[in-house]
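I would like the entire structure built from these sequences, with the hints used as guidance.
Spelled out, the chains give:
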Amino acid sequence: MSRYFGRKLLVYSLTFFLAVTIDWMIPRFMPGDPVQTMLSRGMLHAEGLEVMYGYYTKAFGLDVPVWKQYLNFWNALFHGDFGTSVYLFPQPVIKVIMRAVPYDILLLLPAILLSWFAGNKFGALAARSRWLDNTVSPLGYILTATPYMWLGILLSWVFAIVLDIFPIAGAYSFAMTPHLSWAFVGSVLKHWFLPFVSLFLVKFGGWAIGMRNMIIYELEADYSHYLEALGAPRRLVRKYAFRNAILPQITGLSLDLGVIVAGALVTEVVFSYPGIGYLILQAIQNQDYFLIQGCFLFIIMGVLLANFAIDIAYVIVDPRTRLGMVGEGA
Amino acid sequence: MKKQKKHEILYFALRNNKVRFGFTIILFFLLLTFVGPLLTHYAPYDYVNPKGAQPPSAKHWFGTTMFGQDVFTQFVHGLRATFLVGAIGGALGTFIGIVIGFTAGYRGGIIDEILNMITNIVLVIPTLAILLIIAAYLTVRGILVESLFIGCTAWPWAARAIRAQTFSLRARDFVDLARLSGMKDWRIIFSEIAPNMMSYLLLVFILQFGGAILIAATLDFIGLGPTNAVSLGLMMNNAVLWGALLLGVWWWFIPPGLAITAIVGALYVTNVGLDEVFNPKLREM
Chain Z
1 MSRYFGRKLL VYSLTFFLAV TIDWMIPRFM PGDPVQTMLS RGMLHAEGLE VMYGYYTKAF
61 GLDVPVWKQY LNFWNALFHG DFGTSVYLFP QPVIKVIMRA VPYDILLLLP AILLSWFAGN
121 KFGALAARSR WLDNTVSPLG YILTATPYMW LGILLSWVFA IVLDIFPIAG AYSFAMTPHL
181 SWAFVGSVLK HWFLPFVSLF LVKFGGWAIG MRNMIIYELE ADYSHYLEAL GAPRRLVRKY
241 AFRNAILPQI TGLSLDLGVI VAGALVTEVV FSYPGIGYLI LQAIQNQDYF LIQGCFLFII
301 MGVLLANFAI DIAYVIVDPR TRLGMVGEGA
Chain A
1001 MKKQKKHEIL YFALRNNKVR FGFTIILFFL LLTFVGPLLT HYAPYDYVNP KGAQPPSAKH
1061 WFGTTMFGQD VFTQFVHGLR ATFLVGAIGG ALGTFIGIVI GFTAGYRGGI IDEILNMITN
1121 IVLVIPTLAI LLIIAAYLTV RGILVESLFI GCTAWPWAAR AIRAQTFSLR ARDFVDLARL
1181 SGMKDWRIIF SEIAPNMMSY LLLVFILQFG GAILIAATLD FIGLGPTNAV SLGLMMNNAV
1241 LWGALLLGVW WWFIPPGLAI TAIVGALYVT NVGLDEVFNP KLREM
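Top line first, the protein sequences correspond to chains Z and A. Its first residue numbered 1, the first sequence is counted upward by one per residue in our numbering. Its first residue numbered 1001, the second sequence is counted upward by one per residue in our numbering.
In case anyone wonders, no lab produced these hints; they're calculated from the structure. Just so you know, even glycine gets a beta-carbon here, dropped at the ideal spot from N, CA and C. Misleading hints may appear alongside valid ones.
To be verified - Quick partial rundown of chain Z residues pointing at chain A, CB under 7 angstroms, derived from the structure:
| # | residue |
| --- | --- |
| 1 | Y141 |
| 2 | A145 |
| 3 | P147 |
| 4 | W150 |
| 5 | G258 |
| 6 | A262 |
| 7 | V266 |
| 8 | I284 |
| 9 | I292 |
| 10 | F296 |
| 11 | I299 |
| 12 | V303 |
Unchecked claim - Rough simulated footprint, nothing fancy, chain Z against chain A, three-plus residues with beta-carbon under 8 angstroms:
| # | region |
| --- | --- |
| 13 | 1126-1139 |
| 14 | 1218-1228 |
Claimed, not checked - Pair by pair, the computed Cβ-Cβ distance ranges are:
| # | chain 1 | residue 1 | chain 2 | residue 2 | range |
| --- | --- | --- | --- | --- | --- |
| 15 | A | N1228 | Z | N75 | 37 to 43 angstroms |
| 16 | A | F1021 | Z | R130 | 17 to 23 angstroms |
| 17 | A | Y1200 | Z | R234 | 31 to 37 angstroms |
| 18 | Z | L180 | A | V1099 | 55 to 61 angstroms |
| 19 | Z | R130 | A | L1014 | 21 to 27 angstroms |
| 20 | Z | N75 | A | W1061 | 55 to 61 angstroms |
| 21 | Z | F17 | A | V1099 | 20 to 26 angstroms |
| 22 | Z | S13 | A | V1099 | 23 to 29 angstroms |
What follows is the structure, given as structure tokens:
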């Protein structure tokens, strides 16, 4: 088990190291002067330009040797210093991001977990009933092929514009300020529902198909036939098949996190939901590079943490990893 | 003997409903990319309708945008971008996956460990985040550059899958025999192992194709798509940006998303169908 976690931690720390390096490298080694490009696009006064140029040259630390710039970057990172946002000047990037993170958690955690559970459940059911298979499978293929933003656009058009049941944008009613009351919670939930459903549906299709195929594969495996030959009840065989089929689905969940995050970004853009995705859109439109880089690091950290959580779950579900035998995900 | 086998696969492929269904849809859209531009006499960003957004009519089949641009023209040109990104990005992703997968799976040992580590790292990093930060710093972006980036970041799972397959083939007798006869490593890979995985590689390519299309749509939608061309994702981006939702200009945002869904869905279904064709065990007779 320590070997399993050791390998995982090595991969994650290398990934983090690489990500930070990329984050540091890209603005410095891309063609052109990022400071100049950034400032020429921003609408600033002449004197403001001067100040900003000085600030950015210092912030990028372009006046010291390259190796020192790199070390400084890490140093700043460990002090939680992600730079200052241009678009929301003079707020520090970390503060801007921290304001957005709760909405991401509110949106992503339920969408990921519920779609995973529901998809696995329906996929497993579809594998044993012809009727369900003929409805869930085609639907699953259509849903996984749907681009996240398009489903979001459709849902918001139908439910927010045509039927006018749900609000079209924001995380809570514009007439309210965040406070703890039933009305406010209700408003948050109402704004949360459509983005959640649109994320949920796309992912649901993928999990259902994956589970259906895995169960069919497991039911063809030798141990299933052997159990059947012994006269074990069908339910028991299915149960064993399910427990084996769930393992690749757990690995799949960790492999898919990046895609889900990408989906969440565009979904937030569609619904103007103030999470990191929406923030990134605004950062891009306003050429706010510090904010983009900060969001990038935050996404990487989130994905790494989630991966680690999934690894722990894997150990709990698959006893083989606990006994030191190398499991699927190692 | 070999020819007969090819015929057999073609026979089963043509009789497989999933393959037929998926192929028809893909062929339809592919045809539209070639014929479509001939059917319109506008350029994608020409202002052709002074009245602004108007629903589909005989003159403008898919209606016009808020700026009076012809949606159908944008649509068929965007389709071309979609297929290009899918083909180039998918091919590159598959190629890198093949090189790394074969090397890691055939060599094993320390090389396998290192390549596996690299694969896992790229696998964990959210691809879009990387693309996002690169694209944000590029001032001029074309479809080609976009597909190259997508291909360079989408290969890990292909490499993993191919590595696993190579691993199992490597231990077979005929590979041992080839090795005993003193064949060079790369010849063993290409003449002994690869032919046994051809069908598998084709399936990997199809999935990479579909994946590249979806990634490109996402990038385009956040405004990091090609700066000098039209694409389906860009159309949706513009539609949302200019309030097509609020104003109910549905003909602007429905066609691009529908086309992407149809193409990617058709690719997935073809993939499953071909899997049945190549694996007799899965065939429903």
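Consistency of the hints with the structure:
At a threshold of 7 angstroms, the smallest CB-CB gap from Z:Y141 to chain A is about 5 angstroms, leaving the interface hint in force. Taken as an interface hint, Z:A145 checks out: its beta carbon lies about 3 angstroms from the nearest beta carbon of chain A, inside 7 angstroms. With 7 angstroms as the threshold, the beta carbon of Z:P147 comes within range of chain A, its nearest partner Cβ sitting at about 5 angstroms, so the hint holds. The beta carbon of Z:W150 comes within 3 angstroms of a beta carbon in chain A, closer than 7 angstroms, and the hint placing it at the interface holds.
At its closest, the beta carbon of Z:G258 sits 3 angstroms from a beta carbon of chain A; the interface hint therefore holds under the 7 angstroms criterion. The restraint placing Z:A262 at the interface with chain A holds, with a minimum CB-CB distance near 4 angstroms, inside the 7 angstroms limit. Restraint check, Z:V266 versus chain A: the minimum CB separation of about 5 angstroms is within 7 angstroms; hint holds. Annotation: interface hint on Z:I284 holds; nearest CB of chain A at approximately 6 angstroms, less than 7 angstroms.
The criterion of a C-beta within 7 angstroms of any C-beta in chain A is met by Z:I292, whose closest approach is roughly 5 angstroms, and the hint holds. A cut of 7 angstroms between beta carbons decides the hint on Z:F296: the least distance to chain A is about 5 angstroms, and the hint holds. Checking Z:I299 against chain A by beta carbon gives a least distance of about 5 angstroms; that is within 7 angstroms, so the hint holds. The interface hint given for Z:V303 holds, since its Cβ lies 5 angstroms from the closest Cβ of chain A, which is under the 7 angstroms cut-off.
For the region 1126-1139 of chain A, the proposed coverage by chain Z is satisfied: 12 residues have a C-beta within less than 8 angstroms of a C-beta in that chain, meeting the threshold of three. Remark: the region 1218-1228 of chain A is confirmed as covered by chain Z, as 5 of its residues place a Cβ nearer than 8 angstroms to a Cβ of that chain, reaching the required three. About 40 angstroms separates the C-beta atoms of A:N1228 and Z:N75, a value consistent with the hinted range of 37 to 43 angstroms. A beta carbon spacing of about 19 angstroms between A:F1021 and Z:R130 agrees with the range 17 to 23 angstroms that was offered as a hint.
A C-beta distance of roughly 33 angstroms is found between A:Y1200 and Z:R234, which places it inside the suggested range of 31 to 37 angstroms. Our hint of 55 to 61 angstroms for Z:L180 and A:V1099 holds, since their Cβ atoms are close to 57 angstroms apart. Range check, Z:R130 to A:L1014: about 25 angstroms between beta-carbon atoms, so the 21 to 27 angstroms window is met. Range check, Z:N75 to A:W1061: Cβ separation about 59 angstroms, and the 55 to 61 angstroms hint holds.
Checking the proposed 20 to 26 angstroms range against Z:F17 and A:V1099 shows it holds: the Cβ atoms sit about 25 angstroms from each other. The given range of 23 to 29 angstroms is respected by Z:S13 and A:V1099, whose C-beta atoms sit roughly 26 angstroms from each other.
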